[in-house]
Every structure is written in structure tokens, then in C-alpha cells.
Amino acid sequence: MSHLDEGTLHALLDGELELSEVKEIQTHLGICAACDSRLQDVKQFLAEADRLVGALEAPVGSSRIRPGPAPRLDAPVVPRDPPPWESAPEILLPETVEKAPGRHAIRIFRWAAVILVVIGGGRLIQGALRPGKPRLELSARDLTRPTTPAVVSQQESGRPESAVTRQTRSAPAARTPLAKAAPERKAAADQPAPAAVAGLDELDTVGAAAKDSEVAPQDTQTLATGRADSGAEQTTEGQDLATRAAAAAALEELDRERLRSRANAATASLPPPRAELPAAAEPAAAPRTLEQRAQVYLRIGLDEAVTQLGRPVHVIEALSPEFIGLTPGRLVPGADPNRPVVRVVYLERGRMIMLDQQRLRTGQAPGAAAGSLRWTQGDVMLYLHGEPSADVLRNLQRRVR
Amino acid sequence: MTADLTQLFELYYESLVRMLYRRTGDRDRAEDLAQETFARAVAAPPNNPRPWLFAVALNLVREDGRRAVRQGRRLELLRNDDRPPQGPEVDLERNERSAAVRSALATLGERDREALLLKAEGFNYEEIAATLGLSKGAVGTTLARARRRLVEAYRSEARGKHVAS
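Quick mapping for you: the protein sequence lines, in order, are chains A and B.
Everything in the first sequence is counted per our numbering, starting at 191 for the first residue and increasing by one.
Everything in the second sequence is counted per our numbering, starting at 80 for the first residue and increasing by one.
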């Protein structure tokens, strides 16, 4: 046999030769190194040419819009920097402080405390000025009795003892400059009732303490205590106690309000409570490969398929196979279970179509029936099956070549 | 008749447009020519539809090409194709490669090119022969020549670009 021409080699690789021709060529290739080498070259050219033609894919959509630089919708929009004369001058405004939600309530409590102190102080003054009324005596027990609740929580202050108790014991040492300055301010004021002056001064002090409490709770405590102590120097101890109690109540409310504000602020950034999640979704199954879907255990080339069948592979006209592979014969009805079946796999609009082929041996009867999707052609059994409906498959059956 | 044509359309339209796009490089032209082909199929229903449709389509391409030459349209198309592609790098590479392949394809003879495009659409030798009016025995040789020239032209163009850059 003379050397093989290139056209024959292409026809061989395209599966266009008859079985007898294939056998003859294979015999020649076994003994002719030159032709075998050319076959390898032809394989490369064929594969590369197919790849190049395949690269000429039509663009998605109509080309009436040139496939040029279409603006991407998902691309970030880069704002154009306007020239300086186009942009309006920036107006510098003082930074607005957002009012805390609890600020209003604190103010209300502050005023409530002021009113309480005024009323209480006024009654005490009335009692003191009334003739025959015995003076209010305060014992040491009264001073140490925890009649007022803690102004600052123990958790906050880190001190275990009661705030009032602490204030009572350490009042002289806790005077602040503000507390020290209070007597001078009172002396400068020309008021007919010193006790009332003291009461008002106390209100002022409590208000100031309440204002400062948001910044430094401990200082607030000290201020209130110091101021109350200075007031006690000028008025009766009973007035001092009442004033202190009122101030402590007001500050306690402030303290609670502050804790609520903190709790709100701390939980504001948390995500809203999640609804009960449904049962945990099963992990997504790993996508199956085409080979797995087609139950192909070995992918083979056209040459191997031709060798298996002993003749050109049957294909469906106008469809391009995804791949050719081998599947166990036991999986194909009518096939010899002891030999593999050549399976040509197509993917048409995502649906898998398989054309099974097995060369029949003497005495093998595939049991093909007329109109069935399993039939014989020459000495090859064919079986067309897959995901499309039977009608579609029957239409395709007519195109099997 | 209508059902047959609908079936033909479903079976072959996509493949026909793809082949025509590869042949012309213009999606609009490809679609117009495919529709013209099917319009002719309505007028004269073919017996062997697939080779007939592709043969008519290729004839229309040739006629359209000649008309385009007369009108200077091809120059315009080439000029458009030579515009520097813009956009993402991936598109740039793809466009450059497509242009190189199309350029290599243009170096082939008419028949070689058509045989190659028909083969890419899954035509067997017998159908290619029927479509192009060749003998079946000549199809292998035609395809061998077409493939070799396409690859060599593409490689040559790639080398030229590499040297130029």
C-alpha cells in the first residue's frame, strides 16, 4: 500500500471511512512510521482548525449594537470631578449634636426634683417659723439610716457600700470647688429668708449635679453631697436630710434612665431578632459531571470508538456530540453485558441524549422491535435514549447516520 | 407545510445563523440571510432540506458579497473591524482572536472555507458534497487543505503581530 494522502487521514479522523478501509489503513499505519507521524500532524491540524472555527462564536444578542464598549451596568459609577467654579462653596456649619433619646426624660426628672425640693423646703421653713413648734431633732441613727437608695449603682461605682452612707461619712472631705464656692454666692445674695435661699441654692446644686451626671457620675455624687453638707451648716439637719433625699431620688431616676439609655445604645447596633430559621437546608449536591450523568466510565476518542465497533460510529445528523465514551453493557438493555457499549453523548438545550452502539456477535439478539428506539443497523445494535420525550427521540432516530 | 417549515426552522435556524456569522462576521447579515433562505424554502420546499438550506445560504452570501463589493460596503466593514477594540481585557483578547481567525479564514478559497464551516456545523462528507456540488471523495482533500491553510494563516498572522509588537 502506498503512503496515505492527507485527505484520507482527515476522512479517517472524521469517521467517514468504511470499516474495510479503516482496517487497511490501521495495518499500514502499524508498519509505516512516516504515515503514522503524518497522522499525528493531521490530528493537530484538525484539532486546531476546529478550535479556531469554534472561536468564531456569534456575540450574544443582536450586533445592530456594535460589540464595542457597551457600558456595563454593574460597573461602579465614577463621578466626574466638576471644575472648582462649578461646585458650590461648602458651607461650614457647627456639628449638630443629636439629642439623646433619654435627654428629655432627664430634664423632666430634673424639674420634678426641683419642685419637690422647693415644696419640701418651704414646708420645713414654715414649721421652723411657727411658734411652739418643736425643732426637728435628728439623731445619729437617722443620719446613718439608709433612708435613701443608692444614687450610683454598686456595679458602676465599684464600691460596695451605700452611696448615702459614704456621703454621710465622708462629706467634709468630698467638697469640690463648686461646693466651696456656694456659700460665697449665697452670702452675696440679698434674700429675706436664709433657709429658703438655702433651699433654692440646693435646687441649683442638684440641677448642676444632674447636668454633670452624664459626664461623671461619681463627681455628681460628690457635688450633691458637698452641696448638701454646706446647706446643713446653714439650715437645720432636717432640711438637709429632706433635700438630700429628694436629690438622691432624682439622681436615682437619672441613674436608671442612664442605664436604660446605655442598654438601648448597646442593643441598637445588634441585628433585629431573627425569626426561627427553617430546618437547615441540605448542603447542595456537588454538580455532577457530564460523564457521571451519562454513566460513562471512560471517555474515548473517535479512533477508539471505531476500533470498538469495527466500523464508523453512528451519529445524529445536525447534532454535535459532546463526547464519546464507554459504558458497561449491563446498563444498556439488549446489549451484551460482558462488553462495553460505545455511547455518543449529546447535549441539546441542556438535555442529554445518548446514542448507544455495540457491535453484535454471532447469535446475539438485541430484541429490537419495529418503532422502538432500539434497533440494529448492519451488525451494530443502536439504542437512542435520553432526557427528551420519546417523540423527540423518534424524530432524532430518523437522523441517525 | 407550515408545521414542516416550523420544524425546519427549529432544527436548522440556529446552525444556519452560526455558519453564516462565521462566514460573514456580521450577525445582522447572518440573520437576514438566514431569514431570506427560509423565505426561499417556503417558496420552493426542498426535498433534502439541510444541504439545500445551507447551499442556498452560501449562494446568498456570495451574491451579497459581490453586491457589497460594488457598494464599497466591504471596505466599510473592514474599517469597522479594524477599529481598536475597547472594553475589558477579556473582550479585547476575544475580539483580537476572532479578528485573527476571520482574517485567516479570508485567505482560504471559497470552497475550502465553506467546506470547513459546514463541517463545523456537523455536516458529514456526503452532505458537504451535496451542498457544495463536490464528489464525496474530494471532501476529505478539500477539508485537509482548508484546515492546514487556516492553521498556517492563523499562525503566520500571530507571528506577524508578535514581531510587530
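The set of hints was computed from the structure by calculation and includes no laboratory data.
Hints should not be assumed to be uniformly reliable.
Below, a list of computed lysine-lysine pairs in the DSS-like style, where the Cα atoms sit at most 27 Å apart [stated by the list, open to error]:
(1) B:215 x A:213
(2) A:233 x A:213
(3) A:233 x B:215
Output of the computed footprint for chain B on chain A, the stretches with three or more beta carbons under 8 Å from beta carbons of chain B [to be verified]:
(4) 229-236
(5) 530-539
Keep in mind the model is a prediction, meaning the values are calculated, not measured.
For every residue, glycine included, the Cβ atom is placed at its ideal position computed from N, Cα and C.
Status of the hints after comparison with the structure:
1. For a cut-off of 27 Å, the pair hint linking residue 215 of chain B to residue 213 of chain A stands: about 20 Å separates their Cα positions.
2. A hinted pair counts as satisfied when its Cα atoms are at most 27 Å apart, and residue 233 of chain A with residue 213 of chain A qualifies at roughly 18 Å.
3. In summary, the hint linking residue 233 of chain A to residue 215 of chain B is supported, as the alpha carbons are separated by about 21 Å, within the 27 Å threshold.
4. Counting residues of the region 229-236 of chain A whose CB falls under 8 Å from any CB of chain B gives 3; the rule of at least 3 is met.
5. A stretch counts as covered by a chain when three or more of its residues have a beta carbon under 8 Å from one of that chain; for the region 530-539 of chain A and chain B the count is 0, and the coverage is violated.
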